[in-house]
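Quick note, the sequences are listed as chains A and B, same order.
At position 244 of the first sequence the residue is numbered 244 (my numbering), and the sequence of numbers has no breaks.
At position 352 of the second sequence the residue is numbered 352 (my numbering), and the sequence of numbers has no breaks.
Hints may be right or wrong, so weigh each one.
For lysine to aspartate or glutamate, the following DMTMM-like pairs were computed, each having C-alpha atoms within a straight-line distance of at most 20 Å [as the list claims (entries may be wrong)]: (1) A/Lys269 - B/Asp20; (2) B/Lys108 - A/Asp225; (3) A/Lys258 - B/Asp100; (4) B/Lys108 - A/Glu34; (5) A/Lys258 - B/Asp317; (6) B/Lys28 - B/Glu55; (7) A/Lys269 - B/Asp258; (8) A/Lys269 - B/Asp335; (9) A/Lys66 - A/Asp92; (10) A/Lys275 - B/Asp245; (11) A/Lys142 - A/Glu108; (12) A/Lys150 - A/Asp180; (13) B/Lys89 - B/Asp67; (14) A/Lys275 - B/Asp257; (15) A/Lys258 - B/Asp20; (16) A/Lys89 - B/Asp335; (17) A/Lys69 - A/Asp32; (18) B/Lys179 - B/Glu223; (19) B/Lys219 - B/Asp252; (20) A/Lys258 - B/Glu141; (21) A/Lys275 - B/Asp258; (22) B/Lys66 - B/Glu55; (23) B/Lys116 - B/Asp134; (24) A/Lys150 - A/Asp177; (25) B/Lys367 - B/Asp252; (26) A/Lys275 - B/Asp317; (27) A/Lys89 - A/Asp177; (28) B/Lys108 - A/Glu108; (29) A/Lys275 - B/Glu281; (30) A/Lys269 - A/Glu236.
Honestly, the hints are just simulated from the structure, not real lab data.
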Amino acid sequence: MMHNPHRPHQARVVERVQESGSVFTLRLEFLDSEMRDNYRFAPGQFNMVYLYGVGEVAISIVSDPKDPKLLDHTIRAVGRVTNGISQLKDGDIIGLRGPYGRGWPMLEAEGRDVVVITGGLGCAPVVSVINYITQRREQFGKLTILQGVKLPKDLIWRDRFERWINEPNTEVFLAADKGDPDWPWHVGLVIELFDQMKLSEDTIVMMCGPEGMMRVCIHELLLRDIPEDAIYLSMERNMQCALGQCGHCQFGADFVCKDGPVFSYDQIKPLFAHKGF
Amino acid sequence: MTLPLAPQFLPREQFQQLLDTLHHNGHKVVGPQVRDDAIVYAPIKNTSELPLGIEDHHAPGSYLLKDNGSQHWFDWASTPQGIKPLLFKPRETLWRATRDATGTVHFKDPENDAEKIAVIGARACDLAALNLQDQHFLSIENTPDPFYAARRHNLFIIAINCTRAVDTCFCSSTGDGPKCHDGFDIVMTELEHGFVIASGSQQGQQLIKQLALTDADEKQLSEATQREANATQQQRSVPSQNMRDMLFNALDHPQWDDIASRCLSCGNCTAVCPSCFCYSEHAEPTLDGSITEQLREWDSCFTQGHSYMHGITVRHDTRLRYRQWLTHKFAGWHDQFGRSGCTGCGRCITWCPPGIDITQELAILSKPEEKRDDA
């Protein structure tokens with residue numbers, strides 16, 4: 001039989017880290033040494049993680065591409081497969097295949113100011129961008145991070161955000177819809193913080209989160225003269241094969257699994273305003 | 001390459017010899033047969049199993065077989081299901097996993113079950129759709145699908161030129177028929193007393209040579225041309241072969257609501273469509289959990305699960321699902337495959353329970369939106 005791209009490969013859970021109530025990170029490595037040695041990925045790409053007898057889920061890789069032997073996957077236990085995966089322990093063997101899709105435009109971003117906008121319960125795909133930039137600080141201009149959450153407890157990696165605030169040439173804006181005594185940052189929406197940002201002409205924006213939030217942010221960014229092709233977003237759709245075959249993740253003519261998940265806004269603009277695609 | 005043979009004449013009495021030769025060459029022969037008042041593709045050994053003097057009558061939401069008293073075997077125009085299931089199986093195993101006593105999971109490819117099949121009866125619309133499926137499942141960029149590729153390699157196609165059109169046919173307007181031009185090993189046109197037979201591949205030519213036939217004469221060729229011309233009399237048509245921009249500009253057209261009020265979201269149209277390629281995957285473990293299979297099954301954009309992701313259903317109502325189907329088929333395909341995904345077979349019209357006619361819906365959608373009084 002010719003190469004079967006559907007079949008996963010054995011991978012070991014090297015470490016499992018609980019990040020918050022329902023969010024955890026699995027550090028995985030391929031069992032096969034050849035797989036391990038040949039594997040390369042870019043920030044924003046994803047793997048299909050398979051739990052025996054239950055199924056596969058698309059999970060973005062959050063660790064640094066300079067170490068492609070250990071692959072971190074931050075997962076929220078929300079569904080049948082992810083709830084099962086959350087029960088895994090160090091040393092367990094699961095299935096893994098990838099990497100899939102097109103990641104963030106890190107080369108294009110070099111030398112430019114980077115704005116990272118995320119919403120919801122901690123957005124793993126853009127955390128890979130923040131990690132990537134802080135590890136290569138001199139290659140990029142100013143880094144601005146905006147994160148919005150519903151409740152303060154939804155902010156995972158609070159310690160990391162607090163660390164990023166102190167990084168050189170970096171600004172962090174945090175907002176929660178509802179505050180609490182422990183929340184020193186803005187109470188309200190992320191877009192209410194846009195006026196505090198100083199956007200240079202040479203800015204590239206990378207965002208991830210609920211589509212409603214991204215629509216509003218794009219509107220605000222365009223008002224501030226950020227060009228459409230300098231705004232990148234990571235899209236989410238039902239993914240089953242990850243090969244551009246099964247059809248579920250189609251967004252118009254694009255297969256999010258292979259043409260995305262990261263798109264520039266001008267690529268998907270015609271349909272982005274319409275619900276149902 | 002040897003010189004192409006001139007079209008030959010296969011006398012009706014020698015059709016059995018064609019079946020026998022295919023079997024002799026190691027093919028499992030699949031051909032049209034009447035089952036449960038419908039014409040289906042099934043394994044065939046003898047000409048007595050062919051649908052003798054059977055015509056199919058189609059209308060939106062209606063299909064009926066009638067005896068026309070002729071000696072023909074191919075007086076029907078379209079089977080409920082085309083040849084798609086021979087290559088893209090409705091359900092199949094992609095891989096297997098086992099878990100040993102230590103809890104370690106092992107992955108294995110399934111055994112290759114690609115039989116050497118010869119199919120008799122494919123029409124021009126089926127061949128055009130097959131070409132689209134080939135592009136989808138075999139394209140390098142998408143990583144060729146090994147299961148589809150193995151079956152495709154083993155498929156021998158005997159196409160039949162249509163000699164009548166039914167009420168739901170519209171392949172002339174999509175540019176895909178009714179005459180077969182390529183994509184077959186052999187093509188035949190049925191005459192009163194036999195067939196004009198021609199090859200479309202080296203393999204097809206070899207098979208015809210095995211049959212030791214004679215060249216078709218002028219009279220036979222002109223009878224074939226006349227009979228083929230009957231199939232060009234079609235009642236329906238698509239407004240244009242490229243409606244990409246029109247449809248993407250009509251996403252808020254009130255007609256989508258009108259269609260949604262009739263559409264049952266049953267998915268019959270996608271199940272009979274020869275170009276639809278969506279499939280879902282799921283795990284099927286044995287009761288003791290020692291083995292689990294990863295299966296794929298045809299899926300439909302009309303199901304709730306198709307656009308489901310962690311608690312959100314992107315297309316939560318029928319209007320959005322029908323719009324997804326139609327805009328993909330007639331607009332998105334142009335970007336993906338350089339043409340529309342419809343080859344004019346008309347199956348989605350025939351097999352739609354409320355009889356929604358896409359050609360009619362496209363005609364309405366291509367007109368400017370009418371202003372609503374309440375707007």
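20 Å limit on alpha-carbon distance, applied to hinted pair A/Lys275 and B/Asp317: This hinted pair holds, its Cα atoms lying about 11 Å apart.
Satisfaction of hint between B/Asp252 and B/Lys219, Cα-Cα up to 20 Å: Roughly 55 Å between the alpha carbons, so the hint for B/Lys219 and B/Asp252 is violated.
Given hint B/Asp20 paired with A/Lys269 - CA-CA distance at most 20 Å: 58 Å, violated
Pair hint A/Lys66 and A/Asp92, alpha-carbon separation not exceeding 20 Å: 25 Å, violated
Pairwise hint evaluation, B/Asp335 against A/Lys89, where the allowed Cα distance is 20 Å at most: This hinted pair is violated, its Cα atoms lying about 45 Å apart.
Holds or violated: A/Lys142 to A/Glu108, with C-alpha atoms at most 20 Å apart: This hinted pair holds, its Cα atoms lying about 15 Å apart.
Restraint status (C-alpha distance of B/Lys116 to B/Asp134 at most 20 Å): 17 Å, holds
Given pair status - B/Glu223, B/Lys179, alpha carbons within 20 Å: Status holds; Cα separation ~15 Å.
Pairwise hint evaluation, A/Asp177 against A/Lys150, where the allowed Cα distance is 20 Å at most: Holds. A/Lys150 to A/Asp177 sits at ~5 Å (cutoff 20 Å).
Proposed proximity, B/Asp317 with A/Lys258 (alpha carbon, max 20 Å): Status violated; Cα separation ~27 Å.
Holds or violated: A/Lys269 to A/Glu236, with C-alpha atoms at most 20 Å apart: 15 Å, holds
Straight-line alpha-carbon gap A/Lys258 to B/Glu141, limit 20 Å: 9 Å, holds
Hint violations for this structure: numbers 1, 2, 3, 5, 6, 7, 9, 13, 15, 16, 19, 27, 28, 29, all remaining hints satisfied.
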